[in-house]
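Given only the sequences and the hints, what does the whole structure look like? Please build it.
One letter stands for each residue in the lines below.
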Amino acid sequence: MSDNAPTIQATHLDKFYGKFQALKNVSLSVQPGERVVICGPSGSGKSTLIRCINGLESHDAGKLVVDGIEVFEGSPNLRQLRQEVGMVFQQFNLFPHLTVLENLTIGPIRVRKIPKAEAEASARKYLERVRIPEQADKYPSQLSGGQQQRVAIARSLCMETRVLLFDEPTSALDPEMINEVLDVMVDLAESGMTMVCVTHEMGFARKVADTMVFMDNGEIIETGPPSQFFTQPKTERCRAFLEQILVH
Amino acid sequence: MAIYAVVVSVIVYTAYNGSQSMGYNWQWYRVPDYFYTLTDEGFQWGEIAIGLIKTMEISGLAFALSVALGLFVALLRLSQLVVGKAMAVVFLELVRNMPLLVLLYLFYYVLGPIFDLDRYTASILCLGVYHGAMVSEIFRAGIKAIPVGQWEAANSIGMSQAQAYRFIILPQSVRFMLPPLTGEAVNMIKSSAIVSVIAVAELTTIGRNIISDTYMSFEIWFTIAAVYLVVTLILSIASSAVEKHYASAG
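Note that the protein sequences, when read in sequence, are chains Y and S.
FYI, the numbering used here numbers position 37 of the first sequence as 37, with every residue one higher than the one before it.
FYI, the numbering used here numbers position 51 of the second sequence as 51, with every residue one higher than the one before it.
Among these hints, one or two may not hold up.
A partial selection of chain Y residues facing chain S, derived with a Cβ cut-off under 10 Å [as the list claims (entries may be wrong)]:
1. V85
2. L94
3. L98
4. S156
Pair by pair, the computed Cβ-Cβ distance ranges are [what the hints assert, rightly or not]:
5. R131/Y x S236/S: 47 to 57 Å
6. P175/Y x Y4/S: 36 to 46 Å
7. S160/S x G43/Y: 26 to 36 Å
8. I245/Y x S160/S: 36 to 46 Å
9. L81/S x K63/Y: 23 to 33 Å
Hints in this document: simulated from the structure, not taken from any laboratory.
Predicted, not measured: the structure shown is a model, and the values here were computed from it.
The beta carbon of each residue, even a glycine, is placed where N, CA and C say it ideally should be.
Next up, the structure:
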């Protein structure tokens with residue numbers, strides 16, 4: 001793989017759930033270090049797209065190459081791919097039977113085969129980075145939603161992935177906790193991590209996105225830099241959507 | 001509880017009355033000797049105690065087998081393998097729709113001569129297979145009770161299917177599985193009595209043997225029933241303690 005190859009290259013992806021078409025001819029290219037924010041009304045296929053990128057869902061047609069690995073159902077390389085592409089979920093999906101520290105180290109220890117002491121040292125470093133080093137020995141259920149989501153972000157960081165996918169990371173949070181998570185994400189974006197983020201937080205998008213993507217009904221309707229995307233959307237549907245979420 | 005006490009006293013009263021009217025000769029004083037004897041030759045376990053140990057041994061080994069088999073069948077059924085799934089379903093349907101007694105005869109009279117199984121081994125295998133089918137359904141339900149997000153999180157950090165089961169899914173399933181598993185252990189002890197039909201010398205067989213020697217059918221059957229009751233009650237109490245422990249561990 002040459003250095004200037006895109007990190008994520010999706011070409012003409014189709015995805016069906018029974019008869020319902022969740023993705024229609026979706027093409028998207030993400031360069032190394034690029035921050036892409038995907039927005040759109042619910043049911044527009046944003047989450048499906050992001051879940052296809054690390055193989056949690058499989059596309060039915062088209063080609064998807066992530067970090068030089070072609071993604072398809074039953075690919076023997078999926079595990080290798082997932083070690084390079086981290087995912088942060090709307091519902092955090094922390095492991096409730098493990099402490100925060102164990103949540104962070106189980107991947108490095110079991111999957112990457114890193115010695116325990118080393119994994120713990122790096123886990124503490126990342127907890128510091130998401131600003132909750134003092135919670136290392138608690139269980140997820142003892143933390144607030146915002147703290148849990150920051151642990152989930154740290155869990156992905158511990159895998160030293162090159163790409164981070166965010167699937168509506170703040171949608172399940174109480175309003176007063178959204179900012180603490182967004183702050184961490186801004187910090188990550190500034191460090192040069194390649195990020196693909198599904199979110200409705202337009203303030204965040206404006207601040208960090210290199211590219212905005214608007215989806216509706218399984219299609220990518222519009223793509224562009226935030227400067228143009230927010231002030232002069234090209235399409236009527238995108239304008240209507242932005243008006244709805246920006247007015248309030 | 002009150003209703004239970006009433007029912008029990010009615011049964012006891014009826015049995016007592018009935019036995020009086022048929023002139024039954026109660027010999028309760030002879031029963032303790034069947035648990036243990038203390039003579040000049042020293043302490044000796046009695047026949048009932050030995051039978052109980054045999055029952056526990058058979059049930060314990062068969063239970064270990066049923067847990068191993070149950071886990072295997074449950075994982076097979078939940079796997080993506082079409083053939084594996086089909087095999088698991090066929091196994092489950094075959095075992096669950098067959099009377100335990102018939103399954104035991106199959107093991108002892110059909111598989112026994114073919115594979116040279118003695119009655120003791122045949123009993124353990126039969127009970128293990130029969131309860132393995134039940135246990136596999138318990139495992140399956142426990143595994144299915146874990147939210148799909150846990151699988152996705154495990155997969156997204158690069159875990160294989162086996163690693164996800166071992167480190168993420170099964171440890172969380174245990175709390176869903178333990179209560180019905182102890183229930184199944186109780187069932188195992190109770191159904192182990194059926195191996196007396198092929199004359200394995202466990203508690204029920206011993207009871208029958210003592211009666212054919214002494215004709216004390218009332219005392220011995222009451223005693224045998226009480227022994228089963230005590231053992232299964234102890235198990236149930238232990239299981240609710242474990243359950244409480246898990247509930248408080250959050």
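A quick look at each hint next to the structure:
1. V85: Interface hint status for V85/Y: holds (8 Å vs cutoff 10 Å).
2. L94: holds, 7 Å
3. L98: Given a least distance of 8 Å, the restraint on L98/Y holds.
4. S156: Cβ of S156/Y sits 8 Å from chain S, so the hint holds.
5. R131/Y x S236/S: 47 to 57 Å: holds, 49 Å
6. P175/Y x Y4/S: 36 to 46 Å: Violated: the Cβ-Cβ distance is about 55 Å, outside 36 to 46 Å.
7. S160/S x G43/Y: 26 to 36 Å: holds, 32 Å
8. I245/Y x S160/S: 36 to 46 Å: holds, 40 Å
9. L81/S x K63/Y: 23 to 33 Å: holds, 28 Å
Hint check: a violation occurs at hint 6 only; the rest are consistent with the structure.
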